[in-house]
Every structure is written in structure tokens, then in C-alpha cells.
Amino acid sequence: SQQGEEDPQALSIQEGENATMNCSYKTSINNLQWYRQNSGRGLVHLILIRSNEREKHSGRLRVTLDTSKKSSSLLITASRAADTASYFCATHKAAGNKLTFGGGTRVLVKP
Amino acid sequence: EAQVTQNPRYLITVTGKKLTVTCSQNMNHEYMSWYRQDPGLGLRQIYYSMNVEVTDKGDVPEGYKVSRKEKRNFPLILESPSPNQTSLYFCASSGGTGSYEQYFGPGTRLTVT
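Sequences listed follow chains D and C, in order. Note that the working numbering has the first sequence beginning at 1, numbered continuously upward. Note that the working numbering has the second sequence beginning at 112, numbered continuously upward.
Everything labelled a hint here was simulated from the structure, so no lab data went into it. Note that the Cβ used here is the ideal one computed from N, Cα and C, for glycine as well. Among these hints, one or two may not hold up.
Unchecked claim - Listed below are the simulated DSBU-like cross-link pairs for lysine-lysine, each with C-alpha atoms no more than 30 Å apart in a straight line:
(1) D:Lys-98 - D:Lys-69
(2) D:Lys-70 - C:Lys-180
(3) D:Lys-98 - C:Lys-129
To be verified - Over 12 Å on every C-beta distance to chain C, these chain D residues come out as not near it, computed from the model:
(4) Asn-18
(5) Thr-20
(6) Arg-54
(7) Gly-59
(8) Thr-67
(9) Leu-75
(10) Thr-77
(11) Ala-78
(12) Ala-81
(13) Asp-83
(14) Leu-108
(15) Pro-111
When you get a sec, could you build the whole thing from the sequences and use the hints?
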């Protein structure tokens, strides 16, 4: 079952613009993570936000979490062509170490 | 270099011919997991392991087996592959309780004809 659902499914922007994608989930979580995947390759961890945090920054990335709405957003500022990839949110529940991934957002950054 | 390795990277096989995809990590991680990725379905967990000799089913375990005899290795076994197991497979590991970031292998693209 997919816990996280990303929106939009695809996003096309110009280099230098900001990219925002959203993730909604269904059940209580311990933390929520964002991963990046370049075409056909392994996923790379970007950032983790815990359930008691509301916002987190890492370089050009900004993640927010609203547990009352069961939603998160990932903002990539000043996008670059190298940011072209698929981005996935993944939720971690309190029990065990299982991650449940959403369907992903495909981001195309045009030079 | 800390990494998760998978072999083979690409495999074309025929229905019913048993195969094993190996996964190894050099980070002394307790937790390891297998996912399959299919277009429009995201990543779905097949099996996971919390430690040596401790494995459990994920969301889509049918048709797969795993074992965890050593901490570093977590092979995925398809006893009788079928065409619906054609997919991109990823192995991942993480440190365990309190360490939730997962490290992914490069993927194995499997085609079953």
C-alpha cells in the first residue's frame, strides 16, 4: 500500500525557478523522508523531518510537515538542471524500521 | 567507501528458472530491505530484515524468498520467476533503531520472458 501520495506527478520549470512538491499520507508517522532518484538509479536520501518538527532546511532544500493535515512539502530553491530527477516522500511509522514510499514527482529543470 | 552493492545489475531470464539477486552492505547496518519499482506504482517493499536471522514480509512478498545469514548480506531469491516479476529491484540498508536514513543499491533490472 502507498502511504505517501505526491502531487504533482510531474513538474517542469526553468533553471533558477523554485520547485515545490507535496506529499500526503494516511496514518501517524515517526518521521517523513524525501529521496531523489536519477533516471533508473538508486534512491538518494535528501532530508528527514521528525513528527515533532514543522520545518527543516538543508542547503537549497526546505521541507515542511503538518501532522494535523498529514502532509509535507519539499521546496527546491533556485533550481539547476542537475536537479532534474524524481522525488519521493517516504513515511516511517513508529514500529519497526519500514519505509513506505509514494509514487514520486518527476521534476524537469530546463536550462 | 560506504555502499550497498547488488548483483547482477541486469538480468534476462525465462519463466521458472530460479535466480538469486545478491545484496551486500559494508556499513554494519542492522536493517536491510528489498523493494521493487514499477511505473506508476512507486517503490513497494518485498521483504525486510531487522537483523541476522530476522526477516519479515513487506507489502508484496508473493513469489520471493530472502535469507539473512550474515549481517552484511541479504539475497533475494525467485524460486520460479514469472513475467509479472519483471521489474527494477532495489536493496537498501539502514543502521536500525534511531537511524532511519536508508542507503540504496544501484538497482537490478530483471526481465522474465
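Structure-based check of all given hints:
1. Of the supplied pair hints, the one linking Lys-98 of chain D and Lys-69 of chain D holds, its CA atoms being roughly 22 Å apart against a limit of 30 Å.
2. Distance hint between Lys-70 of chain D and Lys-180 of chain C is unfulfilled; the C-alpha atoms sit about 38 Å from each other, more than 30 Å.
3. Restraint check: the Cα-Cα separation between Lys-98 of chain D and Lys-129 of chain C comes to about 27 Å, which is no more than 30 Å; the hinted pair holds.
4. With a closest Cβ-Cβ approach of about 24 Å to chain C, Asn-18 of chain D is found to remain outside the 12 Å limit, as its non-interface label requires.
5. With a cut of 12 Å on Cβ distances, Thr-20 of chain D stays outside the contact zone with chain C, its closest approach being about 19 Å.
6. Interface exclusion of Arg-54 of chain D from chain C stands, the closest Cβ pair being 18 Å apart, more than 12 Å.
7. For Gly-59 of chain D, the shortest C-beta to C-beta distance to chain C comes to about 16 Å, beyond the 12 Å cut-off, and the non-interface label holds.
8. With a least CB separation of 17 Å from chain C, Thr-67 of chain D remains clear of the 12 Å interface cut-off, as annotated.
9. The Cβ of Leu-75 of chain D lies farther than 12 Å from every Cβ of chain C, with a closest approach of about 20 Å, so its non-interface assignment holds.
10. No beta-carbon of chain C is positioned within 12 Å of the beta-carbon of Thr-77 of chain D; the least distance is around 22 Å.
11. The Cβ of Ala-78 of chain D lies farther than 12 Å from every Cβ of chain C, with a closest approach of about 25 Å, so its non-interface assignment holds.
12. No beta-carbon of chain C is positioned within 12 Å of the beta-carbon of Ala-81 of chain D; the least distance is around 22 Å.
13. The non-interface label for Asp-83 of chain D is consistent with chain C: the shortest C-beta to C-beta separation is roughly 19 Å, beyond 12 Å.
14. No beta-carbon of chain C comes within 12 Å of the beta-carbon of Leu-108 of chain D; the shortest separation is about 17 Å.
15. No beta-carbon of chain C comes within 12 Å of the beta-carbon of Pro-111 of chain D; the shortest separation is about 26 Å.
Violated hint for the displayed structure: number 2, the only one.
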